[in-house]
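Protein chains in written order, with numbering that gives the first Met the number 0: chain X, 0 to 141; chain E, 0 to 500; chain A, 0 to 408.
Any given hint could turn out to be false.
Chain X residues, not near chain A, derived (Cβ > 10 angstroms throughout) [said to hold, decoys possible]:
no., residue
1, Gly-26
2, Glu-27
3, Arg-28
4, Asn-29
5, Ala-31
6, Leu-32
7, Arg-35
8, Glu-46
9, Ile-80
10, Ile-95
11, Glu-107
12, His-108
13, Asn-120
14, Ala-129
15, Asn-133
Interface residues of chain E toward chain X, partial, derived using beta-carbon atoms under 8 angstroms [stated by the list, open to error]:
no., residue
16, Ser-16
17, Leu-58
18, Cys-72
Label pairs and their calculated CB-CB ranges [claimed, not checked]:
no., chain 1, residue 1, chain 2, residue 2, range
19, A, Glu-337, X, Asp-84, 30 to 36 angstroms
20, X, Glu-61, A, Ile-261, 30 to 36 angstroms
21, E, Met-267, X, Glu-27, 54 to 60 angstroms
22, E, Arg-62, A, Phe-132, 54 to 60 angstroms
23, X, Gly-123, E, Leu-158, 53 to 59 angstroms
24, A, Arg-143, E, Asn-40, 25 to 31 angstroms
These are computed hints drawn from the structure, not numbers from a lab. Being a predicted model, the structure only gives us computed values, none of them experimental. Ideal placement from N, C-alpha and C gives every residue a C-beta, glycine not left out.
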Amino acid sequence: MKRVYVNEKWCLGCRLCEYNCAFANTGERNMALALRNLEISPRIRIEEGSDICFAVSCRHCEEPLCVKGCITGALSIEDGIIMVDEDKCVSCYTCILSCPYGAVSPSEHGAVQKCELCVKNRSGAPACVAGCPNGAIVYEER
Amino acid sequence: MPVDFMYPEYEIARNDSRCIRCRVCERQCANEVHSYEESGNFMLSDESKCVNCHRCVSLCPTRALKIVKSDHCFKENANWNQAAIKEIYKQSGSGGVLLSSMGNPERYPVYWDKMLINASQVTNPSIDPLREPMETKVFLGKKPERIERGPDGSLRNNLTPQLELAMPVMFSAMSYGSISYNAHESLARASRELGIFYNTGEGGLHEDFYQYGENTIVQVASGRFGVHREYLEAGAAIEIKMGQGAKPGIGGHLPGEKIVGDISKTRMIPEGSDAISPAPHHDIYSIEDLRQLVFSLKEATQYKKPVIVKVAAVHNIAAIASGIARSGADIIAIDGFRGGTGAAPTRIRDNVGIPIELALASVDARLRDEGIRNNVSLVAGGSIRNSADVVKAIALGADAVYIATGALLALGCHLCRSCQSGKCNWGIATQRPELVKRLNPDMGFRRLVNLLTAWNHEIKELMGGMGINSIEALKGNRLMLRGTGLNENELGILGISHAGE
Amino acid sequence: MKYVIIGNSTAAVGAIEGIRQMDGSGEITVISNEKYHTYSRPLISYLLQGKTDMERMKYRPADFYEKNGCRTILGKKVIGIRKAVRTVLLDDGSEIPYDRLMTATGSSPFIPGFDGLDSVKCKFTFMTLEDAFSLREALGPDKRVLIIGAGLIGLKCAEGIADHVKGITVVDLSTRILSSILDDSSAAIVQKHIEKTNIAFILGQSVSRFDGQTAYLSGGGKVDFDILVAAVGVRPNVSLISDIGGETDRGIVTDEYMRTSIEGIYAAGDCTESYDVSCGQRRVLALLPNAYRQGECAGINMAGGERKFDRAIPMNAIGFFGLHVITAGSCTGEVYEEKGDGSLKKLFYDDDLLKGYILVRDVEKAGIYTSLIQNRVALGDIDFELICEKPSLMAFSRKYRQQKLGGVV
Ligand SMILES: Cc1cc2nc3c(=O)[nH]c(=O)nc-3n(C[C@H](O)[C@H](O)[C@H](O)COP(=O)(O)OP(=O)(O)OC[C@H]3O[C@@H](n4cnc5c(N)ncnc54)[C@H](O)[C@@H]3O)c2cc1C
Ligand code: SF4
Ligand code: SF4
Ligand code: SF4
Ligand code: SF4
């Protein structure tokens, strides 16, 4: 299964991935329209230190603790991808409590959000990867 | 009023209806042009620091940015143009030599653009490279005068060492120090993939890159930095650098700040000490002296590697080349006045040397006249921009060409010509780790391979059009070229007829 | 292979999914005395609140049993296990054979024998969908509710019904709310937040006796009410195992493969007790994530696989009226504390290990702390100062990150 992999050696901390993620998940057609005056809340996040930075998004674990812990069954594995059913989620945050990578986060619209590899939005494949200028994140089979 | 006040050359045009305040431009500009103003939630720019490298423009996700030339101007004057006036202000302020980088940007004629290539019609039919074999492989080195046979009639191998290139293009010398580790890695890996060569330049060879030795030309320059036995052994050929097109007649100076870590180790000089390459080699004052160095290097490597002598294209280049061809060197590399550099005094870059096209044509003609053309191979460099330039150079007599600026452009260079600042926003001409990592060699090497693969296709197509199926048959074939807008003298030196003739 | 699972909730679902990872064809029979498709127990309060409905409460999709090839026997109670012949007995007299059996019987509300409790007509527990349905019938805008127990279930119930009643009083013997998971300072913040609604607390007191619609408190006061909800605690349902001589303590005792002391019988979920790695003691951890992982582990082992579950710790994510609280592990050892406006972070560490934490309001990336406790990560190997400030992968070694972010995990 293809996943998003991170190589911190090449991450520039430019944060384009965050913006591309946020944009892809708005469903809008134009980034300027979608993100102007918006404080973004992306599903991939950069961690930044003094001389190092890297992106973190869902690992789509083979043994996903978030799915196992979800109290409603809102999280499930579909063809290896960890998906959120926004209708079912009640924002109890048990998944936030469970994910060892901090990859699930609260969102404004009631349910939690996490990377779903862009399969539900127009992008179709990870927008963060497509927009990374330096190959610091890749989408591939490993 | 500060007398040397200079209005910035460029302006940052930010389309506010597109800007989403992502601050990517701010994070990516090492010159600190952009900044975010929290209180008003808008982006500020300080255009005085902008070098017009397009890093921010390329990365801005909403295409909200462009850099425009300022229309602020001096009173029009064809003689005292803006640049001339500004340089006076600069120098009267600083008292220093003006420095710049990359090749000569001035309006001298580009002869490549005044030559046209032939194609076959009706007779001598053209060849379709997709259907018929087409040879772009070349061998560089001295070619024997005659076939020799042993007493039993068997062929005797009298071939001196050769460099085998899958296509007639190599990456010319750019030292580790002037360009980054990642740029070197990209060049090295691309050379291996393409079956060609890259050149260490005068900075030595980083230990990580010994593995690419079969595709490496190691350079010996006047500073002799990083030269030792394993280094000479590591490469496929050795190049003696006598001169460089961008700054003929002068040496080099890499400031102490850049001599850090691996660079100091690779160059074998202490951290923080300036790396000064003297203008001449202090042991070379004649062709005989050069011959000594050529043979010392051959001796040191058991006559297994061809030796290249690189010179800048200057006024009496033909005579110089004739001397080198008799010095025992196997290959002569001639670097034209548009050749790139990491740093050169502006006056020298812009006023010294001659165009590579004329130099190449006259050298080829001279060596033929003297009957020593087969003593050496000729490599032409100094602003080869595309596959047509390559074909024209070969038709003028080159065996192969060197490219540097073209390769850097493929790696992301935007020719902002501020390499000397050490703050290359594209991770090429810099040693700052946070900038170096902007060039991921996985991507860089792929782009170089793409570029030259594309060129190779085009070279084959151009050759096929002429009904020629090998580089060997194109070499020095000046009948395939015609000039436009050139005077008698120029045509004479280039050895070509005018279009229509 | 015939698998029989008693119970149809979290642990049972975990077991079904565990079995099916190993064995695609064995016969699975699920028996429960609740008559519903498997539902999310914690959602009963959200149901009363109107934040979910029967359809969305389904813990697994409607075709779950079909897809997993399970036979269900719902609305029937198991009254005994005949271990010698490997069958279970149902309350309708039928007998179901098994090769492997799992008890996922959960727990039952525990009601102490209050004086005069019989005189209370309108009283409820809050554990099942049925409980929620009957409680809903009793609600009304003029009703006064008394909840005994300021634990998770009592407070979730309070939140669920607050909008539908006049007022709620919560009485607890402990001096703080949520006493099993919060300490004094964090409990105070949450209490203050809840008190902004129509919910009031009487803490440090218990009910000494009931008289019709009046509760007399140990402190001398009294509370008049229309509806009583008893939420003082739950007891693991261990009798099926203890009756046949299986080892039980407060819960059913299992090893880390979820085997009971009886050959062929496994147990998982709220009916068991677990070894809590954060404090090194056995305790009942009545938590959904724990129930699932135990169930899955049991399922895999029942089907011939080998899987250990030895990472149990207490962990809770709860929210009341928009205020989120996440806690895990044990509150022992030295403390790192950060206090904000209505927010709190407390980390408890000892012996170079993170032992527990409490986060109030800002809960982002809490799972990174959880993993430190669960995996017993030596704090000396990470940047502890940084991780105190904010949970981040930056605090780990480059190698760890490379493994986790550059490999399949
Ligand atoms: C109101 C409420 C809120 C909660 N909130 C949370 C929360 O936010 N987070 C969290 O982690 N946990 C929460 N929990 C706890 C969580 O619901 C349990 O940990 C989880 O449901 C345990 O699953 P289980 O399968 O072990 O047992 P249970 O869910 O208790 O299921 C056991 C099943 O077995 C059946 N059964 C028992 N005995 C027999 C028998 N003899 N024959 C047939 N059937 C039998 C029972 O009827 C029941 O259906 C909450 C619980 C409640 C009541
Ligand atoms: S886009 Fe790529 S380089 Fe930029 S921050 Fe994201 S991962 Fe790093
Ligand atoms: S959200 Fe976290 S636990 Fe869940 S699959 Fe992704 S990385 Fe794993
Ligand atoms: S927040 Fe939503 S997705 Fe996460 S555990 Fe709770 S219900 Fe499941
Ligand atoms: S990169 Fe573009 S969109 Fe982002 S802040 Fe700069 S100008 Fe605005």
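Checking the smallest CB distance to chain A, is X:Arg-28 really beyond 10 angstroms?
It holds; X:Arg-28 is separated from chain A by about 30 angstroms at its closest Cβ, greater than 10 angstroms.
X:Asp-84 and A:Glu-337 - C-beta distance against the hinted 30 to 36 angstroms:
Since the Cβ atoms of A:Glu-337 and X:Asp-84 sit about 34 angstroms apart, the hinted range of 30 to 36 angstroms holds.
Take a quick look at X:Glu-107 and tell me if its Cβ sits farther than 10 angstroms from every Cβ on chain A, holds or violated.
Correct as stated: the minimum Cβ-Cβ distance to chain A is 13 angstroms, above 10 angstroms.
Does E:Leu-58 hold up as a contact with chain X if the rule is Cβ-Cβ below 8 angstroms?
6 angstroms, holds
Is it the case that X:Ile-80 keeps its Cβ farther than 10 angstroms from each residue Cβ in chain A?
Check passes; 14 angstroms lies beyond 10 angstroms.
X:Asn-29 clear of chain A by more than 10 angstroms, beta carbon to beta carbon?
29 angstroms, holds
Taking the closest pair, is the beta carbon of X:Ala-129 still more than 10 angstroms from chain A?
Non-interface label stands for X:Ala-129: nearest chain A Cβ at 18 angstroms, farther than 10 angstroms.
Against chain A, does X:Glu-46 hold up as non-interface, every C-beta pair farther apart than 10 angstroms?
5 angstroms, violated
Per the hint of 53 to 59 angstroms, is the separation of the Cβ atoms of X:Gly-123 and E:Leu-158 within bounds?
The hint (53 to 59 angstroms, Cβ to Cβ) holds, given that X:Gly-123 and E:Leu-158 are roughly 57 angstroms apart.
Examine each Cβ of chain A, and state whether all of them lie more than 10 angstroms from the Cβ of X:Leu-32.
The claim holds: X:Leu-32 sits with its nearest Cβ about 28 angstroms from chain A, beyond 10 angstroms.
With respect to the beta-carbon atoms only, verify the hint that E:Met-267 and X:Glu-27 lie 54 to 60 angstroms apart.
Holds - the Cβ-Cβ distance for E:Met-267 and X:Glu-27, about 57 angstroms, lies within 54 to 60 angstroms.
Holds or violated: 54 to 60 angstroms for the Cβ distance of E:Arg-62 and A:Phe-132?
Because 58 angstroms falls inside the window, the suggested range holds.
Hints 8, 10, 18 and 24 from the list above are not met by this structure, while the remaining hints are.
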